[in-house]
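**Q** Residues per chain are reported as follows:
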Amino acid sequence: MDLFQVTIDGQIVNVAPGTTILQAAEDAGVKIPTLCHHPDQQVKAACRVCVVEVEGSRVMQPACAYPVYNGMVVHTNTMAVREVRRTVLELLLTHHPQDCLQCERNLHCELQTLTQEAGIRQVEFPQELRNLPVDESSGAVARDPNKCINCRRCIEACGELQGVDILASINRGYDTVVGTGLNKSLADLACVLCGQCIQACPVGALREVDHTQQVWDALNDPDVHVVVQTAPAVRVALGEELGYPVGSGVTKKMTAALRRLGFDKVFDTDFTADLTIMEEGSELLDRIKNGGTLPMITSCSPGWIKYMEHYYPDMLDHLSTCKSPQQMFGALAKTFYPQTQGMDPSKIFVVSVMPCTAKKYEANRPEMRASGYQDVDVVLTTRELVHMIKQAGLNITALPDEEFDDPLGLSTGAGVIFGSTGGVMEAALRTVYEIVTGDELPSLDFEVVRGLEGTKRASVELIIPEAAADGEVGTSLQVNVAVASSLSEAKKLIELVKTGQEEIHFIEIMCCPGGCIGGGGQPRPTTNQTRTARMNAIYREDAGMPIRKSHENPAVASLYADFLGSPLGSVSHKLLHTHYTKRKVY
Amino acid sequence: MTLHRSHVLVCSGSNCALHSSSFVKDRLTLEISQAGLGDEIRVLETGCFGLCAQGPIMVVYPEGIHYCKVGLEDIGEIVQEHLLKGRIVNRLLFKGTSDKNWMTKDDFDFYRKQERVVLRNAGVIDPENIEESLVRGGYAAFGKALSEMTPSQVIQEITDSGLQGRGGAGFPTGRKWQFTQEAAGDKKYVVCNADEGEPGTSKDRLILEGDPHTIIEGMLIAGYAIGATQGFVYIRGEYLLSIERLQKAINQAREFGLLGKGILGSDFEFDLEIRSGAGAYVCGEETALLNSIEGKRGEPRFKPPYPAVRGLWQKPTLINNVETLANIGPIIQNGSDWFRQIGTPECPGTKVFTLSGNICNSGLIEVPMGMTLREIIYDIGGGIPDGHQFKMAQTGGTSGGCISADLLDVPMDIPSLAKAGTALGSGALLVVDDRHCVVDLAKTFLRFFAHESCGQCTPCREGTTVLLRLMNKLASGKGDAQDITNLQRLSTTMQQASLCGLGQTAPLPILSALTFFADEFHAHLEGQGCPAGVCG
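Sequence order for the protein chains is A and B. Last residue of the first sequence: number 585 in numbering that gives the first Met the number 0, and the count goes up by one each step with no gaps. Last residue of the second sequence: number 535 in numbering that gives the first Met the number 0, and the count goes up by one each step with no gaps.
A couple of the hints might just be wrong.
Said to hold, decoys possible - With a straight-line cut-off of 27 Å between C-alpha atoms, the simulated DSSO-like cross-links for lysine-lysine are: (1) B:Lys314 with A:Lys491; (2) A:Lys491 with A:Lys581; (3) B:Lys143 with B:Lys260; (4) B:Lys99 with B:Lys68; (5) B:Lys295 with A:Lys183; (6) A:Lys581 with A:Lys490; (7) B:Lys143 with B:Lys247; (8) B:Lys112 with B:Lys418; (9) B:Lys295 with A:Lys490; (10) B:Lys84 with B:Lys94; (11) B:Lys295 with B:Lys186; (12) B:Lys302 with B:Lys314; (13) B:Lys260 with B:Lys314; (14) A:Lys30 with B:Lys302; (15) B:Lys295 with A:Lys583; (16) B:Lys247 with B:Lys260; (17) A:Lys497 with A:Lys581; (18) A:Lys491 with B:Lys295.
These aren't lab readings, by the way, just hints derived from the structure by calculation.
Throw the hints in and build the complete structure from the sequences for me.
**A** The following block contains the structure:
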């Protein structure tokens, strides 16, 4: 393909047809400021911060959207361009609260950075704020429309990426703002609380509902025994905001930091991830053998569960009855754990650190009180843990490496890969294969279910020896599996299941693209680039673990021996399994 | 067919309709029947005659007598005197600038300088009867294109005619057709933009009300030329009569085999649907219009890609204004050379203007391109009423520039007005006399834009309201020189960085007013108050 020659600020670059001015400028070493632009989203050309002069064009053109042509001459840094960009930013600031010091996004705000870079010291136009109510009704995702700058990235995240589509531009002109249908609060909508809108937002208009103070209060209470569990995806993202490059695994620094914050025990959700494999794997085999509803679909992702409840209420029997690892942990932390320690369960306070905003909602579901108490008391996002670590003045790079506590801290590589799309599937296959066939897997790595691709499929042939009659090899069982991440991808798969055209036995679905590593509670920016880096870190963690199969976790084995009995047994049934609720969209 | 000795044409254009022309017509019909003239005199409703200031208007043929401002109380006299006894009712005749009564069209200065191509049938035919259109040559051009010309020849004829879009932007129509013809696509669309939203413009409405078949014919020719089988007419929702008449016309065209499959025995297939908007100004922007047809929020799309390449449902789409389409039939019928004899060499053809404001003969006119502003205002428009002086004119609607008396001799055509720093635009012509204040007018314009900005891009969404606030401050006498500087800086930013024409042109009236009436703006700052005594 012939390249186009483009002159940018006097420098010639040769780029492929279809390249935007923004991309071509990058090649020329010129960074053009952007705001509504998002690397993983469609071009919006709405904020007009990236305008440049194109010779021959009557008006300036948005670099993010305008395609280059051969011989194009672009000026990105003239007096006129700087003046126009500055004015556009000033216009945004006439509407935007100037409370940066108190804002959750302070120092991480794209508008703040651009304002700083443009050298704006004063807004010369008359200012007027919106005075709209802040919505914290969901207890998970908070919306502050006063800070909205109408970039519409959240609308695309909610609509195109997640297919939930509860956000839209409402009103016109100066009153335009991103809002919901009939101005309903998130709690009253079919919002799944995935938090992908938070990941899309360049400013502080979307965030999690902050629960750090409740955790500080518990830690400060001498009568309360505070335990913490950390989800697999947290350990590969936490470091990003604490001095490590993107894609660093900081598990042992994280455990050390949690102890310094004052948690009495530092446990691991990976442990209950292993337990989930035992329960869910058994449930799958049970469904296959006894004619249960197939395909069975994973139930670890609370945003996904809420999505099914709202949008596919007639298909809830496809969902595994297993609670998520977070909730299995909570149930055990207030039953098994105090029993072994001789403690009063009412004095135990369970904190989760999750890459997720929907986990806040999940912990508050009425079903999640199997211990007789609320199983998980408070859920923090990865970002909130970062805030606590910063408030405590901890430099985690200088902390010693520390291990999780026993007994709920021992886990396997299978547990840690839960943090990535395809991980639950891979972990399940490692265990189901060996339990069913009795053979050891030649290779533990099911590469086919890994990666950022939206939907993945695999088939595994299981030879069941006990079914073999005289001289025969055994019954062959072909297990077809599929993996999807992001709700738009999930929807396609569910629609396929509905038609019954394809025989699938087991489906893993994660609400967020890339799985939990790309969750709504993770550090910003969460883009496909950072997702990939975190995903690689997850598989490095897995490869480095001494045990990589859930059924080989000795702590899980003794939990069954000492407390639960067997998978799908009566104690498991009470503590580790749940049911779902049909919900409406409107 | 019954022969009548007399026809009375009653204008049912929107302006006359607002003055109860339908009651006038009903009363006239009743009294004619009571007078026993039912078989001799036929009463029919037509589209706009143009002289809206004098509505309701009726014309009695064969004499061609124009009666103006006809009320219910006048009907008896018209029937008894004129229709029964043949005596003209002098008191209902229009008195122009002279004291002489104007009786027929030839007497009217208002009509004498006009040249009616687009409006050739408005006020002449019954727009609800396709047969009247056919008798006047309706669909003959389409028949010619279909039977004698290839699609490329049709496009060549339009290109040769030099016709430029009449919706405001003035893009060469033939090139637009060619781009859409050449664009690859399994399906293509023709869209008629009848979302006339520019304040002070009602030409598209009156064309549709007066001669809906000319639009259907223009779209048929366009569909044949570019290879489209489906067309949409997007009419703003308030234009109830336009919608009703066009729908009737579409139904009749279908009955006559002019729409649908196998048109006129050929294998050409084309059909039309009406879509109406809810009145958002921005939906007149072609890509916002497409979004609205698709059922989305009416917001412009970033261009490129242009609609000719990816338009309605991402298919190649030709979008033309009502007036542009009304020119197609005559050009195909009479040839591009004929068309080029009208108007100027750079800008052939006629232009329909809507005259409003401080002008005697407000209404709808059609003149050759290049007629001067002075001729339009004084010769056709009858000048400024009540002895007041001309102060300024705004051309092209609210998004057009404000020009002062120095420019009264500017030729009214697309290139000349662009050179003068304003725009011909949609053909709105607002005349303002010396009683008005420029700052106050600017406030009015800005209030409109602040209300109509769709809210998509920053410069327009925030800028329109900030401009209004600055202008309010100036009007209240509290402004300072810095506010003027900020006004200019913001205007430049909106022109340069807005996503669509709305934001890009919204500052034009402000900037042109600042150029031509700088003293008046400064007077508001310096504590002298409003020179016209309007503000504050």
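**Q** Does each hint hold? Answer for all of them.
**A** Structure-based check of each hint:
no.	hint	in the structure
1	B:Lys314 with A:Lys491	holds (25 Å)
2	A:Lys491 with A:Lys581	holds (20 Å)
3	B:Lys143 with B:Lys260	holds (18 Å)
4	B:Lys99 with B:Lys68	holds (17 Å)
5	B:Lys295 with A:Lys183	holds (21 Å)
6	A:Lys581 with A:Lys490	holds (17 Å)
7	B:Lys143 with B:Lys247	holds (24 Å)
8	B:Lys112 with B:Lys418	holds (25 Å)
9	B:Lys295 with A:Lys490	holds (22 Å)
10	B:Lys84 with B:Lys94	holds (23 Å)
11	B:Lys295 with B:Lys186	holds (20 Å)
12	B:Lys302 with B:Lys314	holds (14 Å)
13	B:Lys260 with B:Lys314	holds (21 Å)
14	A:Lys30 with B:Lys302	holds (23 Å)
15	B:Lys295 with A:Lys583	holds (24 Å)
16	B:Lys247 with B:Lys260	holds (19 Å)
17	A:Lys497 with A:Lys581	holds (17 Å)
18	A:Lys491 with B:Lys295	holds (23 Å)
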